[in-house]
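Engineer: Residues in the sequence shown are numbered consecutively from 56, following the numbering used here.
Simulated from the structure, these hints should not be mistaken for laboratory data.
Lysine to any residue pairs mimicking SDA-like chemistry, simulated, CA-CA at most 20 Å apart:
1. Lys57 / Gln314
2. Lys57 / Asn346
3. Lys205 / Glu234
4. Lys205 / Arg171
Computed from a predicted structure; not experimentally measured.
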Amino acid sequence: MKSVALLDGGLGQEIYRRAMNVTSLLWSVAVMREQPDVVTDVHADFIRAGARTLTLNTYAATPTRLAREGLGDEIGAIHQRAFEVLERAIALTGADVDIAGCLPPLVGSYRSQPDRTFEDLKSEFDILVKLQSGADVFLIETMTNSLEAKAACAAASESGKPFGVAFRLEADGKLRSGEALAEAVEAVRASGPTAIMLNCCDPEVISQAMPELAGLYPCTGGYANAFKTVEPMAGGALVDELEARQDVSPGVYGLQVKQWLDDGAGVVGGCCEITPEHISHLADVLTGEYNLIRFSELPRA
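Start from the sequences, fold in the hints, and give me the full structure.
Structural biologist: This is the structure we're talking about:
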């Protein structure tokens, strides 16, 4: 029986959706500062849904983004709080799951290649790896260019822990930087990620690209979003302006995920607007056909 690592879903968006009276460029991190119990509840719901790997709520807590909002001095406390709320959810559920450190785009999502050097980018990712040293694994997410992805992979690889890197593709199948998927894979191959994945794309974009990705790297995966478009946020707007697709039900999403698995994926889950209900459906339909495991149980590259 094939083993498949099951991640959680759209953590940040689910937290933000449930929060009361919070609107911020720091997204779910702002919620965690004011309503930490909301974050614990979302983590617990994803665990109960069947997720085997749970990501820390630190996507917006990069040094660059916190400094921009005048919260640079709080970076240590914010990361500590992210561990606390997830560990509380694990204790509440009694589950045996991985805690995944989150290495996101440093400035914001859906941008092209930053005007920074590899060394500069890596030094910032090094800070995040150190702050999240208690994690079991690292997930590098929503990468839109190979330079930032290489820097994140270099930092994660020095931790000695399993890590995966996920690229976001546009509708044309390329990264926002204009790079082809094969170029992106080649750029990070030497760092030895456990898995190379696609995330925060439309499900259909991942379905189209998965056969190619599976031919480029031994362990691959995908976790899509269900936004109508991300262009407002790519231009610097709040996530409040993004709309969810109503046609990506748990059943519809499950069919897309099964196609990814048929095409060779070994890691699946969900990104923005993929809810605990989606993950619960995935766990139900995949159990029996696949052995659902934690990310740390995947073979190392």
